[in-house]
Structure formats: structure tokens, C-alpha cells
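Engineer: So the protein lines, in turn, are chains A and B. So for the first sequence, this note's numbering puts the first residue at 1; every next one is plus one. So for the second sequence, this note's numbering puts the first residue at 1; every next one is plus one.
Think of the hints as simulated: they come from the structure by calculation, not from any bench. Certain hints may be false.
What the hints assert, rightly or not - Calculated lysine to aspartate or glutamate pairs in the DMTMM-like style (CA-CA distance at most 25 Å, straight line):
#1 A:Lys34 <-> B:Glu151
#2 B:Lys150 <-> A:Glu193
#3 B:Lys253 <-> B:Glu2
#4 B:Lys87 <-> A:Glu191
#5 B:Lys91 <-> A:Asp133
#6 B:Lys202 <-> A:Glu193
#7 B:Lys87 <-> A:Glu193
#8 B:Lys60 <-> A:Asp300
#9 B:Lys204 <-> B:Glu42
#10 B:Lys150 <-> A:Asp300
#11 B:Lys60 <-> A:Asp133
#12 B:Lys147 <-> A:Asp303
Said to hold, decoys possible - Covered stretches of chain B, going by a simulated chain A footprint (3 or more residues, C-beta under 8 Å):
#13 88-95
#14 230-241
Glycine included, C-beta positions come from ideal geometry on N, C-alpha and C.
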Amino acid sequence: MPKFFYKRKLDEIEEKARPVHINSYRQLVWTKFKSHKLALFGAVVLIGVAFFTLLGPLFVEVGYEDMDFSNLFSPPLTEGHPFGTDELGHDVLVRVMYGGRISLFVGFASAVITTLIGTIVGLLSGFYGGIVDRLLMRFVDVMLSIPMFPILITLTLVFGSGIMNIILVLTVFGWMGVSRLVRGLVLSIRETEYVMSARAMGVRNGRIILRHVLPNVIPIVIVSATLNMSYAILAESSLSYLGLGIQPPMPSWGNMLQRAMNYILGTTTGTNPWWLTVFPGFFIFITVLNVNFLGDGLRDALDPKFVSES
Amino acid sequence: MERILEVDNLEISFRTQLGKITPVDGVSFGLSRGETLGIVGESGCGKTITAFSIIKLLPKNAFLGDNTKITFRGRDISTLSSEELQKIRGKSISMVFQEPMTSLNPLYTIGWQISEVYRLHEGLDEDAAMKRSIEMLRLVGIPEPQKRVKEFPHQLSGGMRQRVMIAMALACSPELLIADEPTTALDVTIQAQVLELMNELKNKFSTATIIITHDLGVIAEMCDRVLVMYAGQIVESGDIFDIFDKPMHPYTKGLINSIPKIEISKKDQKKLSVIDGYVPHPSSFPDGCRFRPRCPTAFEKCLEKPPMIESEGHHSVRCWLFEGDDM
Numbered sequence: 001m002p003k004f005f006y007k008r009k010l011d012e013i014e015e016k017a018r019p020v021h022i023n024s025y026r027q028l029v030w031t032k033f034k035s036h037k038l039a040l041f042g043a044v045v046l047i048g049v050a051f052f053t054l055l056g057p058l059f060v061e062v063g064y065e066d067m068d069f070s071n072l073f074s075p076p077l078t079e080g081h082p083f084g085t086d087e088l089g090h091d092v093l094v095r096v097m098y099g100g101r102i103s104l105f106v107g108f109a110s111a112v113i114t115t116l117i118g119t120i121v122g123l124l125s126g127f128y129g130g131i132v133d134r135l136l137m138r139f140v141d142v143m144l145s146i147p148m149f150p151i152l153i154t155l156t157l158v159f160g161s162g163i164m165n166i167i168l169v170l171t172v173f174g175w176m177g178v179s180r181l182v183r184g185l186v187l188s189i190r191e192t193e194y195v196m197s198a199r200a201m202g203v204r205n206g207r208i209i210l211r212h213v214l215p216n217v218i219p220i221v222i223v224s225a226t227l228n229m230s231y232a233i234l235a236e237s238s239l240s241y242l243g244l245g246i247q248p249p250m251p252s253w254g255n256m257l258q259r260a261m262n263y264i265l266g267t268t269t270g271t272n273p274w275w276l277t278v279f280p281g282f283f284i285f286i287t288v289l290n291v292n293f294l295g296d297g298l299r300d301a302l303d304p305k306f307v308s309e310s
Numbered sequence: 001m002e003r004i005l006e007v008d009n010l011e012i013s014f015r016t017q018l019g020k021i022t023p024v025d026g027v028s029f030g031l032s033r034g035e036t037l038g039i040v041g042e043s044g045c046g047k048t049i050t051a052f053s054i055i056k057l058l059p060k061n062a063f064l065g066d067n068t069k070i071t072f073r074g075r076d077i078s079t080l081s082s083e084e085l086q087k088i089r090g091k092s093i094s095m096v097f098q099e100p101m102t103s104l105n106p107l108y109t110i111g112w113q114i115s116e117v118y119r120l121h122e123g124l125d126e127d128a129a130m131k132r133s134i135e136m137l138r139l140v141g142i143p144e145p146q147k148r149v150k151e152f153p154h155q156l157s158g159g160m161r162q163r164v165m166i167a168m169a170l171a172c173s174p175e176l177l178i179a180d181e182p183t184t185a186l187d188v189t190i191q192a193q194v195l196e197l198m199n200e201l202k203n204k205f206s207t208a209t210i211i212i213t214h215d216l217g218v219i220a221e222m223c224d225r226v227l228v229m230y231a232g233q234i235v236e237s238g239d240i241f242d243i244f245d246k247p248m249h250p251y252t253k254g255l256i257n258s259i260p261k262i263e264i265s266k267k268d269q270k271k272l273s274v275i276d277g278y279v280p281h282p283s284s285f286p287d288g289c290r291f292r293p294r295c296p297t298a299f300e301k302c303l304e305k306p307p308m309i310e311s312e313g314h315h316s317v318r319c320w321l322f323e324g325d326d327m
């Protein structure tokens, strides 16, 4: 065989053996995120849910308050009511769409805000240590020891219940966990040699916190943010249960579930309206699950050392 | 030779639960341009905090003694504001750390990390800084630097990472380089390469260098002068030939004797001599000579604090055995 054949073969092998060079961190994160099937799936489902709740109501003429008295407790696939109706003849599909707007907004907003506050407190506390740490952590202890529900009841009595108040309460009482988590991480990152070496290179404290410490806690923070989002969606429903959450007739996934509880053993007429619990429950379930998938994928993608097994 | 660093009567204390402890006291030395000083001693002798004190990187509970004076290029380090210090760190004085595996931030490419130094100290924009970083990587002998800059620390071997650290440290051609056990974590062949590289670069930039190590081999390879430290004090100092050819302090002799020698034939093999015991904890330094409990030649006089005794040349030793010898 001619010599050039071997030469070409060698070039080919060399080409294959050369490590892939990735141009930037952002590109690396995106490449890895794309290869994380579950996270991609989670992202697609969440976008789907978001579109469903945001755009869905535009395509139906019925509002969430409209009642169809000829159809009380009608099961799914009844004419005009694909998800059935509830005890007042509200269309469940429409209420799930409107309720999703509220649940997603409450979940997302309180997750973002608690994570933000918790991360800032944790960074300051862990990095500066000493008196700053002691003050902030004692404040966290105080906040943790305040019983949430009596305060909630008082607040709703004073300010009334509404989405903003719920978000306010969930964030005021929700950031402490993140701050403790972040503080613990920062305590160990602060002592690492790369932070020491950044200091020896003359990097300012502020820059060390933002460029060297923060990026290293972000993967964990993201996971805890997704957990917070799940928690907030569920907490909103338990607040509704106490009559402190979103008030009917305005729907949220939480208060739909809570009202369905009354009929969980069946109605006076003997039917068991399972669709009242299954549909909002299913949406809470897939949202929380996929938020967690997404968070998992983001964490793996943000850590350059992590190489997926697939 | 132009003196660039003068450390006078260095005393470092810590406030701890045990009360005040003073792991380093009475350490004085100086350094001229282009000179290499080795600080050698066992673990826990105070070598590393001595080095850290020069750029004020001590932990928060540490403080310097009243008579301590550290002068860098004629300026007293202790009077500098933290902004002035930040300008010195990484530009005029830089450090190479012991652990190349953990000294680089895992989240950034090595190019980003080297260019951070340029962006901070020379105000270069991203592209210019990256160009200089590639140059610097080429200089420390990293093949295909334009590709390597885009890699993350975990994609490099230990030796490569240490080269990157050296590149970062020398990026702004500092006047003083402090290398804290630069080769301890590397295997022997890589050690030799890294030492050779450091020798080459320090001659090129005529950087004054302080090398902290417990490896006398590294000292022999690199240094002009040596400080032997024990329990926070200098016990012997001199030029490299004095220390290796005519060691005086029993501790120095012990260190030299405990270097393993490669002997294959049975009759040449001797049991490796060791120095018995451990370095005492700073909270319980013995009275008098601190080496006394471990010293094979200790006598009654050693219960008193030995002074630094000047021998011929710049060779001096802290040991009563040499009292009145050449004074």
C-alpha cells in the first residue's frame, strides 16, 4: 500500500486522539447541559407547563369563576369539560391553568428571593467570620425559632391574604436554610489554597468573594433553590389549607387540592370525584419533579470536573 | 548587591485558647536582588508563617512583635495600607504554594487565572492579558500554550499545574518570589524539572527567591544561602557550602545525616539515622536551648538560652558548643 495511506491514517488517529478544546466556561456548561438527558427533559416539561398556564387561558372562553350548574361533579371528558368539574361546576382544566400561574409564580419568586438572601448572608458570614458571622448566625437562630404560623395568622389579619403577602412570608421565613448551607461551604472554600493564592496575588476581598468563592457554591445553591421552589409550591397549598393562602374563588394548585380534600371519601351523592385531586396533584408533582431534574443537571453542568457517565 | 528585603527580629504570636503562643521569634534575615535563600527545617518549625508574614497573609488571630520590622525595598510593610499591600502582592512579591492540585480554582481555565494577574496589576484588557498568559505558559515550558490556556486545572497533571502556578507567580516579574515547598507534592523526575525551570527563570528575571522546604536536596540544587530553622528560631545560617560541608549545629548535622543514601550492596547499607523525638509545640518550647531534649550532645549549659554565635564569614550558629570558638 502507498505510504501516504499510512500518513493519512496517522493524521486521522491523531485528530481523534486530540482532546476536545472548549472555548469558554459558558460553552462548556451548555455542552454538558445538553448531554444531560434528564435535565433537558425537565427543562422541556417546565417550559411546557409554563406555556400551558400562561397561554392556555387565552384559548378557552370560560373563566375560572364561571360556573356550569348543569354539570356539578361531572367526570373528565364530559362535553366541554375535559378535566371534569367541581362541586360548583367550575371547569377543572381552566382552574388548573389559572392556578398554575399563581403556584408557579409563588414558587419561582420565593425560591429566587430566598436563595438570593440566603446566599448573600451565607457568603458574608462564612467569609468574614468573627463578629459578622456571630451576629448573622444568631439572627438566623432567632428567625428559625420564631413559630411561623402564629406570625402568619397575624400578618394575614393585618395585611390581608394575597400573592405578595404569601411570597413575603415564605421568603422572610425561608432563607435561613440556604444561608447556613452557604456559610458551611464558604468556611471550607475560604481556607482552600486557591483562595489563599488569590490573596497572595493581590486580589481584593470583594473580588475574591464574587469571582472565587461564589462560583464554587453556585452548584449547591442551585440545587437548594430548586428544593426551595418545590417547598414554596407545597407551602402555599398548606397556607391555603389554613385559609391564609390564595383565597377561593381564585384558584391555586394548592387550594384546589385542599378543597378537594372535602370529597376525598366521596360526595353525598355517592360519587368519588378523584379528578379534583388528581389533576392539580399531577401538575404539582411534575413541576416539582422536573424542577429537581433541572437543578440536578445544572449542578452537574456548572461543575467543570464533573464528567457524565453516559 | 541591592538589598530588597530585610526582616529584623521577626516575632509572630497567636491568640489561642491556650493563651498567647509565639511559634516564631527572633528571626532575622535579608535578601539581595537575584539571591536565593533557603529556609529548611522540619514540619512545624515556623517556616511557612515566616514566609506568609512577609506579605501579611497571616491568620486573623496572629500578630507581630513590637520589635519586628519587615522592610521591603526600603518600605516598612507594617505601615502599608491594605490597598498598597494588594498592589505589592502578586506584582512585587508573589508566592508559589505547596499543593499544585488545589492551588488553582477548579472553575476557571488556567488562561483566565493567569490573566487575572495581568488584569489586576497591569490593567490589561482580556485579549492582551490572554496573550501575555500564553507567552508566560510558553516560558514555563507548557507545550501548545494557546490550546492549554483554555483548559481547566483538572485536565492538567501535577507538574503542569505547578508550572502554571510558577507562571502566575512570575507573570508580573516580581522582585521577590516566595516558594513554599514548591516541589513537595511532585514526584522526583517532575521535581527536577520544576527546580530547573525555577532556576532558569529566576536567573532570567533576576528575582530574589525564598525557598521553604524540608528537602535538603532542593536547597542544594537552588540556594545561595540557607537558614536552618528549629522551633521558631534560626539555629544556623550560612552559605550553602558552609551548611553542607561544615554543619555546626547538632540539628543541622542530624538533618544532613537523615538524608537516605542509595546503596545497593548489603555491606554499604547503614541504618538511616534519625533525630529522635518531635518538634515541640509552640505552647511548650523547652527553656534554654529549644533543641536540648533531642540533642545528642546536650550539656548543663544548654539550660540557658544560647545566643547566635558568629563563626567565620557569615556562618553563624545558635549553640553553646561553639561558644568562644572564633569570637
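Engineer: None of the hints should be skipped; say for each whether it holds.
Structural biologist: Okay, the hints, checked on the actual structure:
1. A:Lys34 <-> B:Glu151: 20 Å, holds
2. B:Lys150 <-> A:Glu193: 21 Å, holds
3. B:Lys253 <-> B:Glu2: Given that 25 Å is the threshold and the Cα spacing comes to 32 Å, the pair is violated.
4. B:Lys87 <-> A:Glu191: Answer holds: lysine 87 (chain B) to glutamate 191 (chain A) is near 22 Å, not above 25 Å.
5. B:Lys91 <-> A:Asp133: Judged against 25 Å, a Cα distance of about 32 Å means the pair is violated.
6. B:Lys202 <-> A:Glu193: It holds: about 23 Å lies between the C-alpha atoms, which stays within 25 Å.
7. B:Lys87 <-> A:Glu193: 20 Å, holds
8. B:Lys60 <-> A:Asp300: 35 Å, violated
9. B:Lys204 <-> B:Glu42: Violated - the C-alpha atoms of glutamate 42 (chain B) and lysine 204 (chain B) are around 31 Å apart, more than 25 Å.
10. B:Lys150 <-> A:Asp300: 20 Å, holds
11. B:Lys60 <-> A:Asp133: Roughly 14 Å separates the two Cα atoms, so the pair holds.
12. B:Lys147 <-> A:Asp303: Answer holds: lysine 147 (chain B) to aspartate 303 (chain A) is near 21 Å, not above 25 Å.
13. 88-95: holds (count 6)
14. 230-241: As far as the stretch 230-241 of chain B goes, the hint is violated, because 0 residues have Cβ atoms under 8 Å from chain A.
Hints 3, 5, 8, 9, 14, counting from the list given before, are not met by this structure.
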